[in-house]
Amino acid sequence: MSKRRTIDARGSFCPGPLMELIAGMKMAEVGEEIEILSTDKGSASEIPEWIHKVKHEHVGTEEKDGVWHVLVKKTH
Amino acid sequence: MSNRISIMVVSGSIERLQMAAMVASVGAVSGNEVTVFLSMNALPAFKKGASGAAPAEGVVGKLLSEKKAPPFKQLFEQAVELGDARIHPCSMAMDILGYAQDDIEAYLAEPMGLTKFLDDAAAGQAWSF
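Sequences listed follow chains A and B, in order. The first sequence: position 7 = 7 (my numbering), numbered continuously. Each position in the second sequence, counted from 1, maps to that position plus 1000 in my numbering.
One thing to keep in mind: the hints can contain errors.
To be verified - Output of the computed footprint for chain B on chain A, the stretches with three or more beta carbons under 8 Å from beta carbons of chain B:
(1) 15-25
(2) 48-58
Claimed, not checked - Below, in silico cross-link-like pairs of lysine-lysine (DSS-like), each with a Cα-Cα straight-line distance of 30 Å or less:
(3) B:Lys1062 with B:Lys1047
(4) A:Lys41 with A:Lys55
(5) B:Lys1073 with A:Lys41
(6) A:Lys26 with B:Lys1062
(7) B:Lys1073 with A:Lys74
(8) B:Lys1073 with A:Lys26
(9) A:Lys73 with A:Lys55
(10) A:Lys53 with A:Lys73
(11) B:Lys1062 with A:Lys41
(12) A:Lys74 with B:Lys1068
(13) A:Lys55 with B:Lys1068
(14) B:Lys1116 with B:Lys1062
(15) A:Lys53 with A:Lys74
(16) A:Lys55 with A:Lys3
(17) B:Lys1073 with A:Lys55
What the hints assert, rightly or not - Per label pair, the in silico range of CB-to-CB distance:
(18) B:Gln1125 with A:Lys55: 12 to 22 Å
(19) A:His69 with B:Asp1095: 44 to 54 Å
(20) B:Lys1067 with A:Glu57: 28 to 38 Å
(21) A:Glu49 with B:Gln1074: 15 to 25 Å
(22) A:Val54 with B:Val1060: 38 to 48 Å
(23) B:Gln1101 with A:Asp65: 43 to 53 Å
(24) B:Ile1096 with A:Glu32: 41 to 51 Å
(25) B:Asp1095 with A:Asp65: 46 to 56 Å
(26) A:Pro48 with B:Ser1051: 32 to 42 Å
(27) B:Leu1097 with A:Asp65: 48 to 58 Å
(28) B:Lys1116 with A:Asp8: 35 to 45 Å
By construction, these hints were calculated from the structure, which means they are not laboratory data. The beta carbon of each residue, even a glycine, is placed where N, CA and C say it ideally should be.
Take the sequences, apply the hints, and build the full model.
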């Protein structure tokens, strides 16, 4: 089973959650999954755009009680 | 594919500094080669130890400091650390303000003149704030 880490960026505004995700991605190993938590709706759509642009894998996004959970797999 | 993004910042207002920092940081972490040119009233915010507080032009600027928006100086630093960005002070503004390289934040690169900035900007997108 692949490793997973969670980054809690709740309360931060765009592009704070994206930048926190990228800092986490730098430290992660290829194949690792990272879940980013955000209360900023703009970041919930912006982060998948970034994942697509830089060719990582967007595993999924779901919203629970006003918190967006975006799951990304580091592919390179 | 790497594209070039050139950003000129001349305003010292929080809205413009914040937007410039957002374009620089998101651009730099998305595979673009980013050059930022800080001139006029934008440069004093990058004096070593300057708080990062800047005057607001309107309602959003006031809200930026009340809400948890990432500080613009942090975003510019992340653009350099996490992405392919270089932030240059304008050589003219350095002279006018009497700043030496040691007086400005360590993540700033060497002073740049307009000739070089305009030459770089010709190769890609150019933005000004």
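Comparing the hints with the structure gives:
Given as covered by chain B, the segment 15-25 of chain A passes the check, having 6 residues with a CB less than 8 Å from a CB of that chain where 3 are the minimum. For the segment 48-58 of chain A, the stated coverage by chain B holds: 3 residues have a C-beta nearer than 8 Å to a C-beta of that chain, and at least 3 were required. Note on B:Lys1062 and B:Lys1047: the hinted pairing holds, with a Cα-Cα distance of about 22 Å set against a maximum of 30 Å. At most 30 Å may separate the alpha-carbon atoms for a hinted pair to count; A:Lys41 and A:Lys55 meet this at roughly 22 Å.
Straight-line distance between C-alpha atoms of B:Lys1073 and A:Lys41 comes to about 23 Å, which keeps the hinted pair within the 30 Å bound. About 33 Å separates the Cα atoms of A:Lys26 and B:Lys1062, which puts this hinted pair outside 30 Å; it is violated. In summary, the hint linking B:Lys1073 to A:Lys74 is supported, as the alpha carbons are separated by about 28 Å, within the 30 Å threshold. Annotation: proposed proximity of B:Lys1073 to A:Lys26 holds, straight-line Cα distance about 21 Å (limit 30 Å).
Annotation: proposed proximity of A:Lys73 to A:Lys55 holds, straight-line Cα distance about 10 Å (limit 30 Å). Only pairs whose Cα atoms come within 30 Å are accepted, and A:Lys53 paired with A:Lys73 is accepted, the gap being roughly 14 Å. Between B:Lys1062 and A:Lys41 the CA atoms are separated by roughly 21 Å; this keeps the pair inside 30 Å, and the hint holds. For the suggested pair A:Lys74 and B:Lys1068, the alpha carbons sit about 27 Å apart, so the restraint of at most 30 Å is met.
For the given pair, A:Lys55 sits about 29 Å from B:Lys1068 by alpha-carbon distance, which is consistent with the 30 Å threshold. Under the criterion of a C-alpha separation no larger than 30 Å, the hint pairing B:Lys1116 with B:Lys1062 is inconsistent with the structure, at around 35 Å. At roughly 13 Å between alpha-carbon atoms, A:Lys53 and A:Lys74 fall within 30 Å of each other, so this suggested pair holds. For the hint pairing A:Lys55 with A:Lys3, the CA-to-CA distance comes to about 19 Å; that is within 30 Å, so the pair holds.
Our distance criterion of 30 Å between C-alpha atoms is met by B:Lys1073 and A:Lys55, whose separation comes to about 28 Å. For B:Gln1125 and A:Lys55, the Cβ-Cβ distance of about 21 Å falls inside the hinted range of 12 to 22 Å, so the restraint holds. In this structure, A:His69 and B:Asp1095 meet the distance hint of 44 to 54 Å, their C-beta atoms being roughly 51 Å apart. Between B:Lys1067 and A:Glu57 the Cβ separation comes to about 31 Å, which falls inside the hinted range of 28 to 38 Å.
Against the hinted window of 15 to 25 Å, the Cβ-Cβ separation of A:Glu49 and B:Gln1074 comes to about 22 Å, which satisfies the hint. Range check, A:Val54 to B:Val1060: Cβ separation about 29 Å, and the 38 to 48 Å hint is violated. Take B:Gln1101 and A:Asp65: their Cβ atoms lie about 49 Å apart, and the range 43 to 53 Å holds. A beta carbon spacing of about 49 Å between B:Ile1096 and A:Glu32 agrees with the range 41 to 51 Å that was offered as a hint.
Between B:Asp1095 and A:Asp65 the beta carbons are some 55 Å apart, a value that agrees with the proposed interval 46 to 56 Å. Here the CB-CB span from A:Pro48 to B:Ser1051 is close to 35 Å, well matched to the stated 32 to 42 Å. In this structure the hint that B:Leu1097 and A:Asp65 lie 48 to 58 Å apart at CB holds, the actual value being about 49 Å. Distance hint for B:Lys1116 and A:Asp8: a CB-CB separation of about 42 Å, consistent with the stated range 35 to 45 Å.
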